[in-house]
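Here is what each chain is made of, one letter per residue.
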Amino acid sequence: MNITLRVWRQKGRDDEGRMVTYKLTDVSEDMSFLEMLDVLNEKLTLENEDPVAFDHDCREGICGACGVVIDGEAHGPERTTTCQLHMRSFNDGDTITVEPWRAKAFPVVKDLVVDRGAFDRIIQSGGFISAPTGTAPDAHANPIPKPDADRAFDAATCIGCGACVAACPNASSMLFTAAKVTHLGMLPQGQPERASRVVKMINQQDEEDFGGCTNIGECAAVCPKGIPLDTISQLNRDLLGSLGKGIG
Amino acid sequence: MSDIDLYTEGAPIRDEKAPEGPINERWDQRRFSAKLVNPANRRKLSVIIVGTGLAGASAAATLGEAGYNVSSFCYQDSPRRAHSIAAQGGINAAKNYRNDGDSIHRLFYDTVKGGDFRSRESNVYRLAQTSVEIIDQCVAQGVPFAREYGGLLDNRSFGGVQVSRTFYARGQTGQQLLIGAYQAQERQIAAGTVKMHTRHEMLELIIVDGKARGIIARDMVTGEIETHFADAVVLATGGYGNVFFLSTNAMGSNVTAAWRAHRKGAYFANPCYTQIHPTCIPVSGDYQSKLTLMSESLRNDGRIWVPKKGGDDRDPRQIPEDERDYYLERIYPSFGNLVPRDIASRAAKNVCDEGRGVGPGGLGVYLDFTAAIERMGRDAVEAKYGNLFDMYQRITGENPYELPMRIYPAVHYTMGGLWVDYDLQSSIPGLFVTGEANFSDHGANRLGASALMQGLADGYFVLPNTINDYLADGPFEKVDEQHPEAVKAKDLVTNRIDKLLSTNGSRTVDSFHKELGHIMWDYCGMERSEEGLRKAIDLIRELRAEFWRDVKVLGTNEEFNQALEKANRVADFLELGELMCIDALHRRESCGGHFRAESQTEDGEALRHDDEFAYVAAWEFAGVDSKPVLHKEALEYEYVEMKQRSYK
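Heads up: the sequence lines are chains A and B, in that order. Numbered according to the working numbering, the first sequence spans residues 1 to 248. Numbered according to the working numbering, the second sequence spans residues 1 to 648.
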């Protein structure tokens, strides 16, 4: 395959970026999208041009490090992570536009790399169960109905990639926060902190300059792990309950 | 034959910390004899922890909760991305929830046997004891393990054992355990006991008066070379499988932190013990950047086979039953498809060497779910393995519900690592090593679902009960950035970076890494021989010299520079690779993942030589072009009888 790439290049956080066009020949359809970028970077290096910076690590769709906007869609045309997207999803002769996640809360570090530290800070604000290491109750002490455990698991599969924020016209992190609120809220262990957790996490999310949620649903549509949109309804119910009780 | 040209032998060593006495009382004894630090004094003590995988995040959270001042470092943009996250299958624990004869003693026995009698009994027993607490702790944190309809936890079985003791969270167990540890760590960051340094890579260890006292780290965004001090340093930096270039490790996984510590005096133990995982997606082209594992749990229901005839390139569905060779079931009737990883990998290699491999290049075997789908129904198979099947389809473009998967072995885990005593302290006082980065518990082969167990055992329960024995003598004398040792360490880092950036040669870092990977895979992979290893050592030395002459790294240090990061890592892999080959050469026996062509039984199984090699090989660094020094730690077995492993 022959491919034309339009890639966002930006030296650093405060630099003005621009799109730069590169041509690649002999792209195999079995290559992953990131392997195609590897090939581009080898070529650029040998031509004494600065290679394109992009985040990536496990390359098996689970660490959440990778993520770029491809032709206007977070993670590109398939509902998966960028590292699991393969060139067979494109056609010979295509022009592909590659940009970083765009959100005020995710400043660009370089080229396609952004700073997602805001997600860590949302977790710090309350996305945990306070269970210090030590002798805990036996794992079978507290049976959990399978449907509850399954729903907790589905919400817990969030990889923190940030595609939800990138896809949202408001750049809201609501799906990310809702996934954690739902994961922990479905479990008996998560109940003692349930009411305060949601308030703290929402407050932190606002502080980080994420936009508000207007239930558009673009987030769930691009989520590579299929976090359900109704986790946001669950978050809103929890939040209302907490505010009603005067928490927050 | 002598290897006198390659290494010298030093004095034997011993693990001074392991208590004597009945094995089931040793851990209690050590916890009791270890000096304690009272809560008020913990505030005056600081610990650096490098790496935020299971072994690092769990240690940071636990030591933070205890009240120590913890500084945590990771090269990723968030601690949640450490490669523990990619572990699929599960975590072992001797809960005996299935009533199938499991016990702490059986988990201990299985692990010692699975490791081919090359691990320490005391350590493995402690691991088995701790396994039970880990599951309780993780459930308390909200880790959503798979459950049955009654609401209790589900289990499955894994390779090398005959009981069901593996706890799992669909095919994402590592992710769920890591997120649990990550959340516990984030809670401590919020509490102010843990200070997090993301996108920071450790490039040197600082030793003052013989004690590990800090690290030099590079801020990967600004390029600033920073000096950090503490009363103790913990390396939880994972394994070194990426020395093979292609492996199931994350792209950034590297040996640099461990190797820099090795160069400063930490012994490196059993570097040649590498785990080649039998069920990975085969290589599809030379642009390939990594290999993807298909969880070993698939071997519970999938059947592995190749055509009986070589060169049979029919559609697998057209090959009748009687023309298929389900070779694992044939050779190992009692364990069948669930033999340990080293055995399954070598068997796959053997059938491919016979010309019976399938797929491009004949480097693959089938993993077939037809029978499972008939027996359980497609829905049940999908519920159990759906995410793995989807991943396979995305990577290969083939539908595994209709066509058998093609799999081939790939480098997955390294049992070797920095030498540690029972307290997880290396040969440098104050330097502790946890998780895959140490060598301690798996011997020459790790059983499936035991890596997560060891990472969390080390971080949650072992280190927090041993490091206090060392810290009780602190706080140590204050050091600052002007201390000659700190200045020296920083100069080492900046000089090396300057050299990498100024060489301006003609070859990219990746081209060197790939070439090294080929050498390692060909000569220090699934089968090793005297001749091959000697050749590999020469090739690596030449390649290393060429790297420093001809590597091309663009840009500057004072920017986000991914090529420079890689160059630093590959430079260390080029030294490690040689030591792995020397270790593999000197160990003239086969054991676990280390298979020497010269040492096999009549039917091609690994043949150990316990009289000569029942020891840990701990290597001391003597200089890049000097011979490493071998220190032997004898292994003694009181509770498990050493015998030839049999899974037949």
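Check before you lean on any hint, since a few could be wrong.
Beyond 10 Å from chain B on every Cβ pair, some chain A residues (computed) [as the list claims (entries may be wrong)]:
no.	residue
1	R9
2	Q84
3	T135
4	P169
5	L184
6	D230
7	S242
Quick list of in silico lysine-lysine cross-link-like pairs, PhoX-like style, CA-CA up to 20 Å [what the hints assert, rightly or not]:
no.	chain 1	residue 1	chain 2	residue 2
8	B	K566	B	K552
9	A	K245	A	K200
10	A	K43	B	K488
11	B	K44	B	K195
12	B	K514	B	K478
13	A	K23	A	K43
14	B	K264	B	K44
15	A	K43	B	K195
16	B	K264	A	K43
The calculated label-pair distances, taken between Cβ atoms and stated as ranges, are [stated by the list, open to error]:
no.	chain 1	residue 1	chain 2	residue 2	range
17	A	D230	B	M376	25 to 33 Å
18	B	D390	A	L46	30 to 38 Å
19	B	N399	A	N170	53 to 61 Å
20	A	N170	B	S334	58 to 66 Å
21	A	N142	B	A383	50 to 58 Å
The set of hints was computed from the structure by calculation and includes no laboratory data. Computed from a predicted model, the values in this text were never measured in an experiment. Every residue, glycine too, gets a C-beta built ideally from N, C-alpha and C.
| field | Violations among the numbered hints | value | 2, 3, 5, 10, 12, 14, 15, 16, 19, 21
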